[in-house]
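Chemist: Taken in sequence, the protein lines are chains A and B.
The first sequence begins at 1 in the working numbering and counts up one residue at a time.
The second sequence begins at 1 in the working numbering and counts up one residue at a time.
Be aware that one or more of the hints could be misleading.
As the list claims (entries may be wrong) - Computed footprint of chain B on chain A, listed as stretches where at least three residues anywhere in the stretch have a Cβ under 8 Å from a Cβ of chain B:
#1 10 to 23
#2 31 to 40
#3 162 to 170
#4 181 to 189
#5 241 to 247
To be verified - Subject to a maximum C-alpha distance of 20 Å in a straight line, what follows is the list of computed EDC-like cross-link-like pairs (lysine to aspartate or glutamate):
#6 Lys252(A) x Asp399(B)
#7 Lys172(B) x Asp15(A)
#8 Lys172(B) x Asp399(B)
As the list claims (entries may be wrong) - Derived Cβ-Cβ restraints for the label pairs, each shown as a range:
#9 Arg13(A) x Leu420(B): 21 to 31 Å
#10 Thr102(A) x Asn99(B): 50 to 60 Å
#11 Arg13(A) x Ala85(B): 52 to 62 Å
#12 Thr168(B) x Asp74(A): 36 to 46 Å
#13 His81(B) x Leu43(A): 50 to 60 Å
#14 Glu59(A) x Asp373(B): 13 to 23 Å
#15 Ser36(A) x Arg340(B): 20 to 30 Å
#16 Gly207(A) x Tyr104(B): 29 to 39 Å
#17 Gln238(B) x Ser36(A): 41 to 51 Å
Please keep in mind that the hints were generated in silico from the structure rather than gathered at the bench.
All C-beta atoms, glycine included, are put in the ideal place defined by N, C-alpha and C.
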Amino acid sequence: MTDDAKRGSEIGRPDPWHTLRSLTAARIGLGRAGGSLPTRPLLEFQLAHARARDAVLHELDAAALAQSLTSPSDDIFQLHSAAGDRAAFIARPDCGRILDDTSRKLLEKRTAAITPYDCAFIVADGLSACAIEHHAAGLLAAIFEKLAGDDWRLAPLSIVRQGRVAIGDEIGALLQARMTVLLIGERPGLSAPDSLGIYLTYDPLPGRSNAERNCISNIREPGGLSYARGAHKLAYLMRESRRRHLSGIDLKEQAAALDDAGSAENA
Amino acid sequence: MPEFVHTVGARSHRFADLKALLAKASPARAGDRLAGIAASNAEERVAAQMALAELPLKTFLDQSVVDYDADDITRLSIDSHDTAAFGPVAHLTVGDFRNWLLAYETEAAELAAVAPGLTPEMAAAVSKIMRIQDMVLVARKISVVTRFRNTLGLPGCLSNRLQPNHPTDDVKGIAASLLDGLLYGCGDAVIGINPATDNLQQVIRLNHLLADVIATYAIPTQSCILTHVTTTMQAMAQGAPVDLVFQSIGGSEATNRSFGVTQSMLSEAAAMARALQRGSVGDNVMYFETGQGSALSANAYHGVDQQTMEVRAYGLARAFSPLLVNSVVGFIGPEYLNGREIIRAGIEDHFCGKLLGLPMGVDICYTNHADADQDDMDTLLTLLGAAGVTYIMGVPGADDIMLNYQSTSFHDALYLRQLLNLKPAPEFEDWLAAGCIVSNGITLQPAVENHRLLQLVEMDNNETLP
């Protein structure tokens, strides 16, 4: 290496304390070019942001997803929110929380179940369709395996495009389900563009607040909460919700007391 | 309320009342569109701005956008209005007020003197007819100095909040980010942690951690754990070493109720913190955060546009002589502020806060579902530096791994100091020089293997707990 080339590579080296990154995922010890960010960490950041943006804008391939999923029954409802496209979904959260007319009529047309369902499972793209495409099939398989021993009467699965968390309330009410379990893509972060969240809501009705739900977040493999662990937590919450006829803050406190290992991750 | 009419050419534009006029005059904003109160087209917006420019400033003393009887921020604003301070601008329209602000003769002393005579709605109104360069120029003239363990807001200074968050509040993880920030010359505004939970014992533990670091290394700065005001009060009652009391606030009583906050609660907390007498050069003990869209998000906006509601939050903040206020401008998401709207909103928030006499910082930030990127943040950062922003955030590599959003990095602060010859708070500048971290307040010294600050990751906080 020439002297000039050597000097060029010395500018912008990580700081001596970059080894402390074993203590945190924060971007510490990045080094400096003058006082500015060196080229390598600059481009690493740009890559993480690019992946997050691509994940936000990615459209869910709902037909392919339906093929890949384990489902409680043969029919799967393909639904769409009142947000017509991705841009409307981002600008109008209220539209992402209700079904479009076609989807509502599809569910209304259904003959009411003779006995109400115990639970309706719903898969929604949310802010990361990538999370759903990467993890929904694996997670659902783990969940249904976990529930197999129990006596659960499950509604047909719903897949929703351009959907937000609260859209599960309308779907659950139309399907006359005692509770909904909604799998949704979480807002992409720089560390992961494909984290999946689960929301459990007892007695779903339009107008429920987030305080009335339980959330299990950051599910992804590898790097986040595993499918098996997510399914374990959910099965526990579902049983308790059915037994105590509630979800949300009251259930969370109980769950935290019984399962201290899970409380921090549920927060 | 009376209707406002403005005729442009052959067309008359009618605005039902003062809040409709303000909303229609407000520069385009996703949150106002979401609320259905924005101008329906570009011409209507400018017609509203023209009507607003002709409105006497006095109008805002006679008409409230949120009813006096229904809202304690309106009552605070009207009851504490300083008529004498208002005197020099009492005869002006909103449009003439803009001209007065820009005049050479209107300098720092005049601007400081008029502040108690201005209501939040007057500041919001004039900002709506100002361009970015107007707001940058006027904000630059204003000086707001506050003190606790150092002196913030002096002309020619740029301070920085060190924000060493960690998703599980791991003490060593926090310490690693903390020392990184200090070794990049940041942390003079405050070392402030957003804890992962509101758990009281954890909040107390983090207060001790920061107090120990500040004492051990004799750092002329202050600490804050950004938790709910009631949790901080409990921590103080249990003897925690609290420097600053933090609270998020919004522009209506109902917004603050949704945050679980009242004015009397804030007064009580401020008195408790002052009684601890932990400041060495001053006793500004409050730290507030705000952000456009919070009132709409809480469904407590009373049909008022989000920028006016934001300035009303500043009206509340100034009653408590805070050390720091900042607008977390891009955090709320693209349904309230999207893409380039974040840039103008950041400039508006800084200008309006300064005009009301507040030590304004801005969290120059965005989330991944907003149509924004690092170039947009550089634009806002540079503009705010030119406008004389009191402080910005410092997050390792601009990536907050706890709150999952992108803010400004330590490198961003160094960039702005170098570009515009801005220095940290003088006490902190001396400390950085003595520690061979930054020379002349501007230039980063070469990184060394064995800096004594590296020992702070070894500090065992548990030993110091009562």
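Chemist: For every hint, state whether the structure bears it out.
Modeler: Tested hints:
1. 10 to 23: Since 6 is at least three, the answer is holds.
2. 31 to 40: holds (count 6)
3. 162 to 170: violated (count 0)
4. 181 to 189: n = 3 at 8 Å, threshold three: holds.
5. 241 to 247: violated (count 0)
6. Lys252(A) x Asp399(B): It is violated: about 30 Å lies between the C-alpha atoms, which goes past 20 Å.
7. Lys172(B) x Asp15(A): holds (18 Å)
8. Lys172(B) x Asp399(B): The given pair, whose Cα atoms are some 18 Å apart, holds under the 20 Å limit.
9. Arg13(A) x Leu420(B): 21 to 31 Å: Holds, since Arg13(A) and Leu420(B) (Cβ atoms, about 27 Å apart) stay within the stated range.
10. Thr102(A) x Asn99(B): 50 to 60 Å: holds (56 Å)
11. Arg13(A) x Ala85(B): 52 to 62 Å: For Ala85(B) against Arg13(A), whose Cβ atoms are near 55 Å apart, the range 52 to 62 Å holds.
12. Thr168(B) x Asp74(A): 36 to 46 Å: holds (43 Å)
13. His81(B) x Leu43(A): 50 to 60 Å: holds (53 Å)
14. Glu59(A) x Asp373(B): 13 to 23 Å: Taking Cβ atoms as reference, Glu59(A) and Asp373(B) lie about 21 Å apart, which means the hint holds.
15. Ser36(A) x Arg340(B): 20 to 30 Å: At roughly 24 Å between Cβ atoms, Arg340(B) and Ser36(A) fall inside 20 to 30 Å, so the hint holds.
16. Gly207(A) x Tyr104(B): 29 to 39 Å: With Cβ atoms ~57 Å apart, the hint is violated.
17. Gln238(B) x Ser36(A): 41 to 51 Å: holds (44 Å)
Against the hints set out earlier in the document, violations occur for numbers 3, 5, 6 and 16.
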